[in-house]
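J.: Listed below, chain by chain, are the residues.
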Amino acid sequence: MVDVLVRKDYSAQDVQLADLKRVEFRRNRYTSGSAHLDDMIALQKALILCDSHARKFKPRAARYELHPAENMRTVVGNCDVCKMMGPGVLFLPQSQAADERKKREQYLRCLEYSTIVSS
Amino acid sequence: MDFQGSINGGSTAVIKRYQVAATKATAGVPVLVPAPAAGSGVIVATTTSTAKAVGVTVDTSGTYVTAQQTDSADTARTVGVIINPGAIYSLKMNGGATEGTAMVLHTAVSGASDGLSFVSDVNTDSPELAGGTVFCLTGANAGRWNRCTSNSTTTMTFIRAWPSDVAAGDTFVVAPYFPPAGITIQLTTLLTQADASIAVGTGAAFKSVELLWDQNNGRTNSYVNAVLGNHVFAATLADS
Chain A
1 MVDVLVRKDY
11 SAQDVQLADL
21 KRVEFRRNRY
31 TSGSAHLDDM
41 IALQKALILC
51 DSHARKFKPR
61 AARYELHPAE
71 NMRTVVGNCD
81 VCKMMGPGVL
91 FLPQSQAADE
101 RKKREQYLRC
111 LEYSTIVSS
Chain B
1 MDFQGSINGG
11 STAVIKRYQV
21 AATKATAGVP
31 VLVPAPAAGS
41 GVIVATTTST
51 AKAVGVTVDT
61 SGTYVTAQQT
71 DSADTARTVG
81 VIINPGAIYS
91 LKMNGGATEG
101 TAMVLHTAVS
111 GASDGLSFVS
121 DVNTDSPELA
131 GGTVFCLTGA
141 NAGRWNRCTS
151 NSTTTMTFIR
161 AWPSDVAAGD
171 TFVVAPYFPP
181 AGITIQLTTL
191 LTQADASIAV
201 GTGAAFKSVE
211 LLWDQNNGRT
221 NSYVNAVLGN
231 HVFAATLADS
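Protein chains in written order, with our numbering: chain A, 1 to 119; chain B, 1 to 240.
Keep in mind that a hint or two might mislead.
Said to hold, decoys possible - Here are the computed lysine-lysine pairs in the BS3-like style, where the Cα-Cα straight-line distance is at most 30 Å:
#1 A:83 x B:52
#2 B:16 x A:56
#3 A:58 x A:102
#4 B:16 x A:103
#5 A:56 x A:83
#6 A:102 x B:207
#7 A:102 x B:16
Keep in mind that the hints were calculated from the coordinates and are not lab data.
Just chain A, same shape as in the assembly:
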């Protein structure tokens, strides 16, 4: 039989030091947990994430957002985390998304007032 001795008399300072130590191992808000995904974010690439990894991804923290065009939010491709081919969610860097949003708005405005010519 082995006795496990657990220290119980932690001081407030001990607790504070332990908290500080834990911070080193806590993910910072811009780290996704996947080295490949972090590289893609650093390069400001469009990201495709399967449903499972899209749920874990925090786009705002990484300065990303969903593609502004509704028809481009769900695409088929390889997830940038698990590499599985299938339906995924497309995220764009916020800087690129702003341009895409402007283009989308202009196109939708045209559609609203347009005459469609298809002989």
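We have chain A; now place chain B onto it with these hints.
T.: Just chain B, lined up with the frame of chain A:
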């Protein structure tokens, strides 16, 4: 150049990442298969050629490098490409090679009493506009369109009469496509939009599906929707 859906009825883009053979600084441009032994990845189209197109990019590539990096970093640069062979893309029409150029405005000097022709204040013979689509911005025919079937220096002629006679002062814009007859679209300098100021029948391989004319901003916010006309994943080019 934005993905709008598929000619097959689907609306989901299939995106793959390919290595690039040059820096791609703009998203939404067509990329092509490189010539054998002539590049380490996809190459960008030109304003007049989209032969062996792979698709249209959704992001940029970063700086293309060929030399080994001092920190042994990866030298491969990739770009995401929409590869659906039947993808329909919307291209804003421009009046020149530069993105954002308003389309050329044709103001009628006079019109025939049978609605089959009118005289424009702009040369309609250079570039050649016969076969293109003429859209009426203002006048009795505003919001209607017709195909120019022949032309002289300033006179455009039509087989189908305009519903009302064209009167002096009526305004029009012309696109060098007549869906689905158009098989070429010339791209603008950045390859993201269409240069609609060129002659009918010139440009890169596209098949026009439809035109969208904005009745309020016809010169600056009208589009041609088109499919890449020479795609490597299309069945007829399976050996590309």
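J.: Each hint needs a verdict: does it hold in this structure or not?
T.: Hints and how they fare:
1. A:83 x B:52: Roughly 27 Å between the alpha carbons, so the hint for residue 83 of chain A and residue 52 of chain B holds.
2. B:16 x A:56: holds, 22 Å
3. A:58 x A:102: Satisfied, since the Cα-Cα distance of roughly 23 Å is no more than 30 Å.
4. B:16 x A:103: holds, 23 Å
5. A:56 x A:83: holds, 15 Å
6. A:102 x B:207: holds, 26 Å
7. A:102 x B:16: holds, 25 Å
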